[in-house]
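With chain A held as given, fit chain B onto it using these hints.
What follows is the residue order along each chain.
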Amino acid sequence: MTTYYTKEHEWIRVEGDNATVGITDFAQGQLGDIVFVEVPAAGTQVKKGGDAAVVESVKAASDIYAPVSGEVTEGNAALEADPSLINSDPEGEGWFFKLTLSDNHELSDLMSAEDYKSFCDSL
Amino acid sequence: MSDPLDKKLPLDSWHRAKGARMVSFADYAMPIQYEGILAEHLWTRASAGLFDVSHMGQMELHGTDLDAALETVLPADLSLLKGGRLRYSLLLNDEGGIIDDLMVTRRGDHFYLVVNGATKHGDIAHLRHKLPVGIKLDHLEDHALLALQGPKAVDVLSRLAPGVEALSFMTGAAFQIDGARAWISRSGYTGEDGFEISILARDAETVAESIAAQAEVKPIGLGARDSMRLEAGLPLYGHDLDEETTPIEADLGFAISKRRREEGGFPGDERIQRELKHGPIRRRVGLAVLGRQPVREGAMVVDVDGDEVGKVTSGGFSPCLEAPIAMAYVPTASAEPGTDIRLASRGKIFEAKVVAMPFVPHRYHRKGAAK
Chain A
1 MTTYYTKEHE WIRVEGDNAT VGITDFAQGQ LGDIVFVEVP AAGTQVKKGG DAAVVESVKA
61 ASDIYAPVSG EVTEGNAALE ADPSLINSDP EGEGWFFKLT LSDNHELSDL MSAEDYKSFC
121 DSL
Chain B
124 MSDPLDKKLP LDSWHRAKGA RMVSFADYAM PIQYEGILAE HLWTRASAGL FDVSHMGQME
184 LHGTDLDAAL ETVLPADLSL LKGGRLRYSL LLNDEGGIID DLMVTRRGDH FYLVVNGATK
244 HGDIAHLRHK LPVGIKLDHL EDHALLALQG PKAVDVLSRL APGVEALSFM TGAAFQIDGA
304 RAWISRSGYT GEDGFEISIL ARDAETVAES IAAQAEVKPI GLGARDSMRL EAGLPLYGHD
364 LDEETTPIEA DLGFAISKRR REEGGFPGDE RIQRELKHGP IRRRVGLAVL GRQPVREGAM
424 VVDVDGDEVG KVTSGGFSPC LEAPIAMAYV PTASAEPGTD IRLASRGKIF EAKVVAMPFV
484 PHRYHRKGAA K
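These protein sequences, in sequence, are chains A and B. Numbered according to my numbering, the first sequence spans residues 1 to 123. Numbered according to my numbering, the second sequence spans residues 124 to 494.
If you are wondering where the hints come from, they were derived from the structure by calculation, not from laboratory data. Remember, it's a predicted structure, so these values are computed and weren't measured experimentally. Be a bit skeptical, because a hint or two may be false.
Said to hold, decoys possible - Below, simulated DMTMM-like cross-link-like pairs (lysine to aspartate or glutamate); rule was C-alpha separation at most 25 Å, straight line:
no., chain 1, residue 1, chain 2, residue 2
1, B, K471, A, D82
2, B, K434, A, D82
3, B, K471, B, D428
4, A, K7, B, D126
5, A, K117, B, E158
6, B, K471, A, D63
7, A, K117, B, D428
If we strip away everything but chain A, and leave its shape as in the complex, we get (with noise of 0.2 Å):
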């Protein structure tokens, strides 16, 4: 099991061709609470760098974007009565979606946990 994380500070945790994606502690913080989340059904196509959720905090509406293509293979139906799962634990229950990749090549464009840590102080 490696977990991923993007430019856009999401993270996807990737076991064979099955991944679990959300946000990281960073995104949840520069978000504040969140309110609203719509995350995808079951059997949606999602591509890389495409719409994938939404995200509403007290602030700002924010699009989630799939960090890879894939098929969802389930949205994460806690958020919806529980939204402050992704403030108060961003990288465990606040996950939003599960999918099965479609294309293993496409992570090599990602960041590692140490190479997001950098990236991060270095905003």
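Chain B only, in chain A's frame:
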């Protein structure tokens, strides 16, 4: 993020030391939040919050025949404004559009005005141009402005500036706070009881620190200021009000005093008198949005055919109601509470209902009212 070219508030380093996240607003670096908008919002509604609003424009107007001079630019009846009282008023252009909204206080032999930060330089130029030569306008650039808001604001401030508890809503007086001279009024922009405190910039840090040191008080950022004023149904200039919008459309008819409605003699009087008589074609209303997703400023109000008939000018998530709320301009025929309104935002249709504002009841300390 704040811009390195932003001007600094007198309390800039104080905010940063308190952990504020700073953003650009009205050319200033300002605190958007400290611990988080939701927590700050709820804290202020339950206890007391300290806001730094020093970006706002404070000024004094001096001179002879001041009342008559000021009535040429404001639609207020200043003969009703006694010493130590303030009222909400508007700077209007000749078409009746709103140049800015403001607070005017009669303070002894002069008037004290507080205008919006983003518009203050334009307002000052406008006033200098419109007022007679004999009227002197002093921009109080060496002043800071704090607001202490919330149900416990009076407990806190009466400890530091005894006597403020005797003020009622929309009155003000001179006080000492920590040895500093302060003009304190019982007013604010949150819908709560509270005070606005005008002090010299050099005293700002001492005064802010002694207020913030009280157990009931937390510093509150601009984010919660915005969510609170939205719940209170109070319009924000540049968003809900602008030069294309009249006070009648904006549902601010109360700012046009009775005598002035009859007599006119203020900028835009013709259009405003006409709208008072026949009604405006659109009106600012409050909307309760169905579901949980907030609808933001810029969303369209659409009719059954999908044609745009209005616009959302403020919108967000109400922390107290735990539901999305908004302000919008809608056709007058759709402005009655209970009317269903359809909104389009981000490629989606939202259903909403017109509701009376404020969304959350005001809790002002009015004279004669039970506490």
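Verification of the hints:
1. About 22 Å separates the Cα atoms of K471 of chain B and D82 of chain A, which keeps this hinted pair within 25 Å; it holds.
2. As the CA atoms of K434 of chain B and D82 of chain A are separated by approximately 30 Å, the hinted pair breaks the 25 Å bound.
3. Pair hint K471 of chain B plus D428 of chain B holds up; C-alpha atoms about 15 Å apart against a cutoff of 25 Å.
4. A distance of roughly 22 Å separates the Cα atoms of K7 of chain A and D126 of chain B; the hinted pair therefore holds under the 25 Å criterion.
5. At roughly 23 Å between alpha-carbon atoms, K117 of chain A and E158 of chain B fall within 25 Å of each other, so this suggested pair holds.
6. The suggested pairing of K471 of chain B with D63 of chain A holds, with an alpha-carbon distance near 14 Å, which does not exceed 25 Å.
7. The straight-line distance between the Cα atoms of K117 of chain A and D428 of chain B is roughly 50 Å, outside the 25 Å bound, and the hint therefore fails.
Violated hints, listed in ascending order, are 2, 7; each of the other numbered hints is respected by the structure.
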